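Chemist: So you can see what is in the structure, the chains are spelled out below.
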Amino acid sequence: MLKKLKQQSPYHLMLLPSIILVFIFSYIPFYGLVIAFQKYNPGLGFNSPWVGWDNFEHVFNQPNFVRTIWNTLYMSAFKIIGGIVVPVVFALLLNEVARSAIKRTFQTLVYIPNFLSWVIMAGILLDILSSDGIVNSFLKLFGIGSIPFLGSPSIFPWTMIVSDIWKGFGFGTVVYLAALTSIDPGLYEAAVIDGAKRWKQTLYITLPLLMPTIVLMSVLSLGTVLNAGFDQIFNLYSPVVYQTGDIIDTYVYRLGIQQAQYSISAAVGLFKSIISCILVGVSYILAYKVANYKIF
Amino acid sequence: MTKKKTAYFLSLCMSMVLLAACSSNGSPGNGANPTAAANNNATTVSNEVDSSDPAFSAYKDPVTIHTVTSEYPSAKYPEGDDITNNVWIDRYKEKYNINVVTDWVSDEYDTKLNLAISSNELPDVFRVNASQLQQLTEANMILDLTDVFDKYASDRLKGYMEADADSYESGKKDGQLYGIPQLHWGLIDQPDFMWIRNDWKEELGIKDPQTVEDLKNTALKFMEKHGGYGIAVDQTLDYLNLLAVSWNAHPDMWLEDGSGKLVYGSVQPEMKDALKEWAEWYKLGIIDPEFAIKDFSAMNADVVAGKVGMQPYYQWWGYNPGVDTVSNLGKDAIFYPYQLPSITGGEAKHSVFFANGSYIVVNKSFKNPEAVIKLLNDYAYIVDEGVGKESKETLSSLLDNDLAHVVGAFRVLNPNSDYEQFEAVSAALKSEDTSGLTTAGMWQKYNNSVEYIKNSTPSAVGDYLQQGAPRSAYSLSKQVLDSGNYIKTALWGATPEVLAGYGTTLDDILTEGFTKIIMGAENIDYFDTVVQNWKTAGGDDATEAVNAAFGK
Numbered sequence: 001m002l003k004k005l006k007q008q009s010p011y012h013l014m015l016l017p018s019i020i021l022v023f024i025f026s027y028i029p030f031y032g033l034v035i036a037f038q039k040y041n042p043g044l045g046f047n048s049p050w051v052g053w054d055n056f057e058h059v060f061n062q063p064n065f066v067r068t069i070w071n072t073l074y075m076s077a078f079k080i081i082g083g084i085v086v087p088v089v090f091a092l093l094l095n096e097v098a099r100s101a102i103k104r105t106f107q108t109l110v111y112i113p114n115f116l117s118w119v120i121m122a123g124i125l126l127d128i129l130s131s132d133g134i135v136n137s138f139l140k141l142f143g144i145g146s147i148p149f150l151g152s153p154s155i156f157p158w159t160m161i162v163s164d165i166w167k168g169f170g171f172g173t174v175v176y177l178a179a180l181t182s183i184d185p186g187l188y189e190a191a192v193i194d195g196a197k198r199w200k201q202t203l204y205i206t207l208p209l210l211m212p213t214i215v216l217m218s219v220l221s222l223g224t225v226l227n228a229g230f231d232q233i234f235n236l237y238s239p240v241v242y243q244t245g246d247i248i249d250t251y252v253y254r255l256g257i258q259q260a261q262y263s264i265s266a267a268v269g270l271f272k273s274i275i276s277c278i279l280v281g282v283s284y285i286l287a288y289k290v291a292n293y294k295i296f
Numbered sequence: 001m002t003k004k005k006t007a008y009f010l011s012l013c014m015s016m017v018l019l020a021a022c023s024s025n026g027s028p029g030n031g032a033n034p035t036a037a038a039n040n041n042a043t044t045v046s047n048e049v050d051s052s053d054p055a056f057s058a059y060k061d062p063v064t065i066h067t068v069t070s071e072y073p074s075a076k077y078p079e080g081d082d083i084t085n086n087v088w089i090d091r092y093k094e095k096y097n098i099n100v101v102t103d104w105v106s107d108e109y110d111t112k113l114n115l116a117i118s119s120n121e122l123p124d125v126f127r128v129n130a131s132q133l134q135q136l137t138e139a140n141m142i143l144d145l146t147d148v149f150d151k152y153a154s155d156r157l158k159g160y161m162e163a164d165a166d167s168y169e170s171g172k173k174d175g176q177l178y179g180i181p182q183l184h185w186g187l188i189d190q191p192d193f194m195w196i197r198n199d200w201k202e203e204l205g206i207k208d209p210q211t212v213e214d215l216k217n218t219a220l221k222f223m224e225k226h227g228g229y230g231i232a233v234d235q236t237l238d239y240l241n242l243l244a245v246s247w248n249a250h251p252d253m254w255l256e257d258g259s260g261k262l263v264y265g266s267v268q269p270e271m272k273d274a275l276k277e278w279a280e281w282y283k284l285g286i287i288d289p290e291f292a293i294k295d296f297s298a299m300n301a302d303v304v305a306g307k308v309g310m311q312p313y314y315q316w317w318g319y320n321p322g323v324d325t326v327s328n329l330g331k332d333a334i335f336y337p338y339q340l341p342s343i344t345g346g347e348a349k350h351s352v353f354f355a356n357g358s359y360i361v362v363n364k365s366f367k368n369p370e371a372v373i374k375l376l377n378d379y380a381y382i383v384d385e386g387v388g389k390e391s392k393e394t395l396s397s398l399l400d401n402d403l404a405h406v407v408g409a410f411r412v413l414n415p416n417s418d419y420e421q422f423e424a425v426s427a428a429l430k431s432e433d434t435s436g437l438t439t440a441g442m443w444q445k446y447n448n449s450v451e452y453i454k455n456s457t458p459s460a461v462g463d464y465l466q467q468g469a470p471r472s473a474y475s476l477s478k479q480v481l482d483s484g485n486y487i488k489t490a491l492w493g494a495t496p497e498v499l500a501g502y503g504t505t506l507d508d509i510l511t512e513g514f515t516k517i518i519m520g521a522e523n524i525d526y527f528d529t530v531v532q533n534w535k536t537a538g539g540d541d542a543t544e545a546v547n548a549a550f551g552k
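Each protein sequence line maps, in turn, to chains V and H. Under full-length UniProt numbering, the first residue of the first sequence carries the number 1, and numbering increases by one thereafter. Under full-length UniProt numbering, the first residue of the second sequence carries the number 1, and numbering increases by one thereafter.
Among the hints, a few may not be true.
A short list of chain V residues far from chain H (calculated; beta carbon distances all over 12 Å) [as the list claims (entries may be wrong)]:
#, residue
1, Lys4
2, Pro10
3, Leu141
Ranges between beta-carbon positions, derived for each pair [to be verified]:
#, chain 1, residue 1, chain 2, residue 2, range
4, H, Ser106, V, Gln7, 40 to 46 Å
5, V, Asn114, H, Glu71, 28 to 34 Å
6, V, Arg104, H, Thr457, 51 to 57 Å
If you're looking for bench data, these hints aren't it; they were derived computationally from the structure. As the structure is a computational prediction, the values presented were derived from the model and not from experiment. Ideal Cβ placement from N, Cα and C applies to all residues, glycine included.
Extracted from the complex, chain V is given alone in its bound form (with noise of 0.2 Å):
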């Protein structure tokens, strides 16, 4: 046991600076949760006045509230597993290319839109999608009327939705990509030998291979499933589309933020990362128990 120990302390000493990083960045700032259940004055600090649990009450007693939690819990549930099911399938589609110029442009390609910011994004979606943009001029040769993409509250939420998934499957895609080209080809002459075709390989040597990628990224993915997106929703919606397209950040973001009350909005990140920490143990605890897998 020591030896082993003293072996491995170079790793250990590598693993170092970032465990202080995270500690210094992450844990300390953990103490500022208090201005939480404070009426925080920046010039007080942390002396400010105890509300006790006023803040959070404020906050749920709002009558919208409740619809952005429900908006800000379908948008990113619709986000995560369309950010799951898209690039994995691209991945596969992918993956069955033969000549390598036309994947690695293709990977190239879908890859992106994700370097670009929800602010510039933001602004080309804006105008393509338009009553006289790209996509409505298109559509309407096909005779289809104009569609409001960003000012109709029931289209709001899958323009958004369908929006982030293709912005973000291109990350997903060189994720899954890597990890099938460490599948071993082994694996897949046996399978020939046996006499299965391209569609029985994937389904029983491909997909369990990759099912561990999946559920880590599943996992981790659970854990912003109270972020809907607040860059994207906040650079693209308008008063019309509160109804739907209201989610939490943006919501706080009016009701606290704006107007630099901290308190308020430090209940809200502290009530957020609360339920995210819950779900993160809970998916854990399923990747084990239904799929038998440890991530850790």
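Got chain V; can you put chain H on it based on the hints?
Modeler: Coordinates of chain H only, in the frame set by chain V:
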């Protein structure tokens, strides 16, 4: 702050507050205190050169003031100068023996200042907004300036405070002055108008609108001739709401109802009348069918592109989108302002809001608060009395190229300046006698107006439409002010904490509901539901707080 810019800084802001708060534990207040202590030794009662003139006397021994400021992007400095080192800073040193040192410059001034407050690294003198003033006063971090102001403020500076006594009061707590309001250019900049494209109007031979019906018909005629829609507005409803006064509604304003109680203008029955008509207009295609997803720049882009000929707007239409419109479409495409008519006949009663946005405060540990007052006196002197007493070169170097705006905390504006300026400029243009132009600002407006009249230079159209044109925004505003045809908001000072605690969510409920009514997704009776939602969401709560703070 623009939407997008804010988005950038949101995460930064949240995380940095926590960090800054932590660091304050390690190193308490190492910012301005040492220098303040140094000043203490140097300063005695007799440090003034001429103690009979406290308002303008220089110091014998130098006094150092640490301040902070934000960038003023449109200012054009001579080679080598910047916001921390310019003609004003030189003047403070030469004339008063005061060294002004700028500790930091930031585009995100409020955020950065909040961090400075929470980490207890305050400069000596700085400007704050109303809620920061409240927090600093509560935390006992700033000086009581009552006596210093009384003793050192020049008569001119005191006159400013008399001219806007409400703002002066808002800087006080329990009768003591903690924040000196920086004031504003005057109430004359508040009335709003319908701006109508002139070549289209003349081409169709349309008379000046006298009634709401006329506005509607003008829009319909424009649409018939030029296609598209009639009136440009944006998703926030801020611009459409400017028209509400025509229905005697005063959205966003707190006003007295018949019984002496203060109520919110956006939820009064008059607003329902306005919405009913707007829904009709939307159906007719008068209001931009896509307004619900257009932001400020998208709205103005349509005006600049010549797609629309009417826009409810503030007095500064000429600057933006006016400059772009005239340079893009030519001088005939100029828009002129028209008084908003009232449905009950005559002209609409305008809304006037609380105009003071920032206050000058002094760190508790600073020993020479009177130095600040001297600099304020000096600014008022230069701007109001400089012409004739100082050389043209001196004034030009201090005020031109927007250098008049780089002084950060060291100025209080004359709340009558725009009114006096407009009177002088319009008289000079009429009589061609420029002897009445006594301030640098007057000369600027005059010169630009002449420039536009002679050469139609697009960049001068802003000043021309604000003051120089025969039909200028201020000529209409002056009528409003002179005839007292306006209502002042009852919320005359800092927003009560309860109201601030709701952020913009209360107004959001109204904007969302009103948008649905205008677009026809809900009928007009939905107004009552929206108002009920507003009340339960905190509107009642806020009304109570406003009444407690400002009611009689």
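Chemist: Name the hints, by number, that the structure is in violation of.
Modeler: The structure breaks only hint 4.
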